[in-house]
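J.: Each chain, written out:
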Amino acid sequence: MNEMTKPLLEMQNVSKEYNGNPVLKDVNFTLKQGEVLGLVGENGAGKSTLMNILFGMDVIHQTGGYGGKVLIDGNEVKFTSPLDALKAGIGMVHQEFSLLPGFTAAENILLNREPQNKSVLSLVFGDRANTIDRKELQKEAIAAITKLGVELDPDMLVAEMPVGHKQFTEISREISKSAIRLLVLDEPTAVLTEKEAEMLLKAIRNLASQGISVIFITHRLQEILDVCNKVIVMRDGRIINELDAAQTSIQEMAKLMVGREVSTDAGKHSADDRTFSGKTIMSVKNLWVDMPGETVRDVNIDVKEGEILGIGGLAGQGKLGIPNGIMGLFPAGGKVTLNGSEIPLNNPRACLDSSLAFVSEDRRGVGLLLDESLEWNISFPAMQIQNKFLKNYLGGLIKWRDQAAIKEVTEKYIKQLQIKCTSSMQKAKELSGGNQQKICLAKAFALQPKLLFVSEPTRGIDIGAKALVLQALREYNRKNGVTIVMISSELEELRQICDRIAIITDGAVSGILPASEPSEKFGILMVGKSRKEAM
Amino acid sequence: MKEIKSKDVKKFLVNNIVPIIFIVLCAACIPVAGYSGQYLVDQIITRIVRNSFLVLSLLIPIMAGMGLNFGMTLGAMAGQIGLIFITAWNIVSIPGLLLAAIIATPIAILLGWFCGKMLNMAKGREMITSYMISFFMNGVYQLVVLYGMGSVIPIHANQVILPRGYGARNTIDLLNVRKSIDNFWSIKLFTDENGMGGITIPLLTLILIAILCVIIIWFRKTKIGQDMRAVGQDMEVAREAGIKVERTRILAIIISTVFAAYGMIIYLSNMGTLNTYNYHSQIGMFSIAALLVGGASVSKASIKNVFLGIILFHLMFILTPQAGRNLIGQAQIGEFFRVFVSYGVITLSLVLYEIRTRREKAESAQTLALSQTQEANA
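Protein sequences, first through last, are from chains X and F. Mapping of the first sequence onto my numbering: position 165 corresponds to residue 165, and the numbering continues sequentially without gaps. Mapping of the second sequence onto my numbering: position 155 corresponds to residue 155, and the numbering continues sequentially without gaps.
The shape of chain X in the complex, shown without the other chains (with noise of 0.2 angstroms):
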């Protein structure tokens, strides 16, 4: 392979900024015919900013387009849609399946591009009356599964099909376009089991060795050493280091791919040797959740009385589906006790009865009653579930809302978390989104919880708001011992205010450590070394 004279891609000083922020510097690399290219880095790193700009996507150039060079076969080249870039040859797999469920393997491999008999009726009607010519449909696709290389049924409806079968219809679609040179494959095993990872891995070989160049993106770093040629690490938007995939090694990727000028000493802020009671405030046992794209598998996790439990873990991976799941905001199973009592999972009401509260990350959505004031959006919840700030008249047969205490409540909140508002009576969605997760703490706040979930409290918001959030959930576990459960795709986050951090990886805890372990022990829990490997 490496006779080969001029590179298939090469990116030279790749940089792109949104409104400022800059979230790809200086990146250069190149990719040879046949090469497969493995490209990690924690969520964020800037990889998929990174294949935007390689496809022309829209949401590159209304922000301003890109700055640096793209080459192909040595000549620059200026997508301005994934149908440019589908016509150099290049396609690209996505992490969502985009198939018919109602359709046959070999219908979405050739979805829109079916060979077409013309009938009387077209010369009427025009080419869509065309029929379809469904022998060679079946060629056509057979010959695409052939070229991939693995064993898939193209009159299997994709709805019977397991997830292995539907990525390789996925990638057979994109092998079945004409004059695919190179494809882009974003973290295709993510949802596979072993064995269909396994026969994945050999058809992308297969691809490479045909002449196809691949763009390997992935967590699980062993796969990279399996099957690439070169890996390319990125963090913040830079890529920090090219290896060659024979001579390096899982540690050393993970290192890099977490490892911060700063991690040293993130661990710091919480190892303030605090002692708690020893008391396990809640018990989570078998949960598993059908949250889309967050699903929960298999999770066992005691939560301790006053710390702060940090639940960190890749995107995708269902971190986010444990606390949707025990609020009962997204079906669930297996068993949630607090302080012994079993809380009846899938309601919501009964979880909140029991003093347990959310921030969700879903702020706009589920957190934020928009088109309402502060005051309200403070007190609601609390009115609501534990007839705070009302007024009893008549014997509670008639309840009238206290205004006077509504208020004081949400002024005492504005003041304590700095909110910037002009008063307590201003909408709640004229807020910056710092200033509306402040809220969403406030109001969850305003419920008294003896167990707070959090989750992605600093998601979208910027870094000023950021340390302001940390610090007011850091006070207010400390000065009311109220347990808080933070969910936070950030490591370095869940570091510096957690006293011990979870990762979940597949639906699963894969490992507790204390928040002041070195952050590249927990690079290696996230990207998946088998559950009982790491325990």
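What the hints contain is simulated information worked out from the structure, not anything from laboratory work.
Cut-off 30 angstroms, straight-line C-alpha distance, at most; resulting in silico cross-link-like pairs (DSS-like, lysine-lysine):
1) K450(X) x K479(X)
2) K304(F) x K118(X)
3) K135(X) x K304(F)
4) K195(X) x K361(F)
5) K450(X) x K420(X)
6) K221(F) x K135(X)
7) K177(X) x K87(X)
8) K135(X) x K244(F)
9) K177(X) x K135(X)
10) K429(X) x K123(F)
11) K388(X) x K399(X)
12) K304(X) x K388(X)
13) K285(X) x K361(F)
14) K147(X) x K230(X)
15) K223(F) x K147(X)
16) K221(F) x K139(X)
17) K139(X) x K244(F)
18) K166(X) x K300(F)
19) K139(X) x K223(F)
20) K221(F) x K147(X)
21) K521(X) x K466(X)
Cβ-to-Cβ under 10 angstroms is the rule here; a few derived chain F residues that face chain X:
22) T222
23) A230
24) Q233
25) D234
26) Q366
If you're wondering where the values come from, they're calculated on a predicted model, not measured in any experiment. Glycine included, each C-beta is placed from N, C-alpha and C at the ideal position.
Fit chain F to the given chain X structure using the hints.
T.: Relative to chain X, chain F alone:
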């Protein structure tokens, strides 16, 4: 093994609950009504001839994922307008019907295009939107027929226009075209010595219906049919693959509306009278109910459902007046039943569809729980 079997039976019952209810009801009514088998068969053939074209017109929007096309009323209006014209112009028999179809086609295309445009703006709520459009267009239809005809539109024939000089009559006699397709080529079976009674089989109409069935089957195999099925399953996936989603959906509605117009012409020529201000809105309801009785759902319908539905639904209405009279001396109960049952069936089917979708979602959660127990056992 036994357990699996009983599960299968239960699943079959649940999935086909509507047709099963109707089969049981009809079976109970047949002896009470006391009609002869020959009479019933003859009546059912008449109903099939009358209604199947209309019900078949509903299939294509279902295929395109747009649910039950309550907007078929628009096509029925177009068909009626065509018939009003040829009655006024006194064009008889099959040429008259052909001309009516020619007049109705552009009107149906225009109305279908309008309806399709509207439905594209209300994706996911096609059914309620098309239902409301049919009410709204009913107003426009009344304006045109009640005030426009005779004043703006030059129609002055006495048999069509009210004595005041403008506006169509409430009922229009279609003697000119009455049964002209049916009688063009028909055979009679099992008649008595006087040539009375027996079973009439209108061959030409049946051939027309057969042709439409073939067209629909053929349509599924064309590129546009494949596109419609793709759009019906997932608009986003279809769009990503480069299929023009909006255009395809509008086409589905246009085709349905045009077929509904032809269906209405066949229906009315068989009936022989036109109830100018009522038939079109009734016919939408009854066609949809018949399709659902045949076991179709909002997302899935076949030609089999069409014919089973027409047979069961109309058998019911042939039987109930007589059964009512024999039981409590009231034939009126039949008409009451007809309306009550139509709305009931549509409501039931819509609710069942929702329940089924939800159950499928719950099943995905169950597999998750199951895989965990399996893992624990292993």
